[in-house]
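> This is what each chain is made of:
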Amino acid sequence: MNTQSIKNPSGHGEWRNWVLPYILVAPLMIWLIATILIPVVTVVYESVTSATFVGTVGDFVGFKNYVSVLKDPHYWAAWRNSIGWIVGCTILQTILGFSLALLLNSSTGRLGQFARTWSIVAWITPTVVVSLIWRWIFNGSYGIFNAFLMTIGVISEPLSLLGHPNTALMTAIFINVWRWFAFTAVILLAGLSTIPKELYESASVDGAGIMQKFFSITMPSLQNVTFALVIVGTLWCFNIFDQIWLLTLGGPLNATTTVPVYLYRGAFESFQIGRTAAASVITALLLLLLAAGLIKLTQPKD
Amino acid sequence: MRINKWKMIKWIVGLIVAFLIASPILWIVLSSFKTADQILIPRLWSDSWTFRHYRELFTDTPYLMALQASLKLALGTTAAALLIVISASYAVYRMEFPGKKLVQKIMLITYVFPGILLIVPVYDTMSRIGMTDRLMSIVIMNVTFIAPFCVWLMRGFFKAVPITLDESAALDGAGSFRILFSIILPLLKPGIATVAIYSFIMSWTEFTFSSMLLSSEVNRTLPITMNAIMGQYTVRWGQTAAGGVLTLLPVILLFAFVGKYFIKGLTEGAIKE
Chain U
1 MNTQSIKNPS GHGEWRNWVL PYILVAPLMI WLIATILIPV VTVVYESVTS ATFVGTVGDF
61 VGFKNYVSVL KDPHYWAAWR NSIGWIVGCT ILQTILGFSL ALLLNSSTGR LGQFARTWSI
121 VAWITPTVVV SLIWRWIFNG SYGIFNAFLM TIGVISEPLS LLGHPNTALM TAIFINVWRW
181 FAFTAVILLA GLSTIPKELY ESASVDGAGI MQKFFSITMP SLQNVTFALV IVGTLWCFNI
241 FDQIWLLTLG GPLNATTTVP VYLYRGAFES FQIGRTAAAS VITALLLLLL AAGLIKLTQP
301 KD
Chain B
1 MRINKWKMIK WIVGLIVAFL IASPILWIVL SSFKTADQIL IPRLWSDSWT FRHYRELFTD
61 TPYLMALQAS LKLALGTTAA ALLIVISASY AVYRMEFPGK KLVQKIMLIT YVFPGILLIV
121 PVYDTMSRIG MTDRLMSIVI MNVTFIAPFC VWLMRGFFKA VPITLDESAA LDGAGSFRIL
181 FSIILPLLKP GIATVAIYSF IMSWTEFTFS SMLLSSEVNR TLPITMNAIM GQYTVRWGQT
241 AAGGVLTLLP VILLFAFVGK YFIKGLTEGA IKE
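If you read the sequences in order, they're chains U and B. FYI, the numbering used here numbers position 103 of the first sequence as 103, with every residue one higher than the one before it. FYI, the numbering used here numbers position 174 of the second sequence as 174, with every residue one higher than the one before it.
Fair warning: there could be bad hints in the mix.
When the alpha-carbon atoms are kept at most 20 Å apart in a straight line, the in silico DMTMM-like pairs for lysine to aspartate or glutamate are as follows [as the list claims (entries may be wrong)]:
(1) U:K197 - B:E268
(2) U:K213 - U:E198
(3) B:K7 - U:E269
These aren't lab readings, by the way, just hints derived from the structure by calculation.
Just need the whole structure built from these sequences, with the hints factored in.
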């Protein structure tokens, strides 16, 4: 700052213009440093201590916590669930999101406008309400989903979809996708609306069918959007804790204990702060690897 | 023939998607009006209807208190996010300054950073500085995870305002602050609305940090209170359903007025080159 005022000793206004952008970004930067950077440093520090309850200070224990986490089969089981969760959510969300986006993109008029606005209603529904609704619908004894399947004769015994270890994760994935796919669709819609209509028209003149147009025009044009969606979507998806916790608390038999649930439990149920901190650091490193791999895999070629 | 075939597929897919989206919400709304003897029968319609669950929700549960806490949290978060996002995005999208790339990088990292990895240190830090059980602590965490996405959202809106406007105003001798407040801000209204709605909705649903940081009843927001009502041993389904509907209703009302602008903002603002 000093050098600048020496360079321009005359310009009071210039000095103000020079410093203004920093004043404007400072609140955000200070905010992010205070809530992200400081906690990251703290978590690394805590990971080598024996702290138990939240708020206590532990002794230095070196890499003991790290070894304990890496040896814990529950931690790796949580990663297996997380991978299943990410893959399931991403695939289902992309398929449904794409379908809805194409649908909305070709709908015009009042109905189209209405559909654009209100298709996102599931996303504005708070997660606690989402889980209330679906826990009720899928309930084994008084859920309408089972009643319906039994009436049409698909099943003879009611299924406890969220209560059985084989189906709980899949069901939770479905419910989470229900909440998110319209949001995905709207982001894809943003990409769709940038594709010039003339491209489709000239393809029609050349005799291209709808499917052909989709694969030769739509898909390539959306490459950048889908790329961003896959990377951002994967990390956002990984981070989801509340929806799973509100649906199943990570059960039954840990079937829906993803890494976030594992961490939350370690901190607030087992009170192993140091160990949970170590698990957080290991998780961050693994996520970094995952993100790097995904970028390599899905990066648009040109 | 060909066009008709696709049109029909479009309608069928549309109806399926509409059913998938709307029916669960319709289900909870209908259930909340069913009488106690009907409410657990797994069918859509009921023989008798009642407002009783809503009356009981107001008298027997802390719903109204939670509504107040949720409103405070959402309005506080929105106000803080708007101030921070508008000023930061003005600098990032309208000014050149050394370190801009770094600022954008930091935002990108926060944007994808899984907040769940920070639950331990955040709780620790908040208790050390005496911020547990205060709505302010949730406002702070909310803004962290909302702001970077919102700055990115503002990009398109800034691009839509021609930079020549700034330049001619500057030639007339207007300072940067005056340019921002009297010329650019009014033109950014759609973007500001989009950011405000996004912030409101995100803080309305926030559960993770609230559940670990808020403890006393006056501070418990709707997601926390609703989860407590749901989790009691004898589940009172009527009150639970009514509470669910009235947790959803505020955001639906908000959306009824400004949802159109939000979708427009997400689809048009975000992508403009």
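> Return the numbers of the hints above that this structure violates; sort them in rising order.
3
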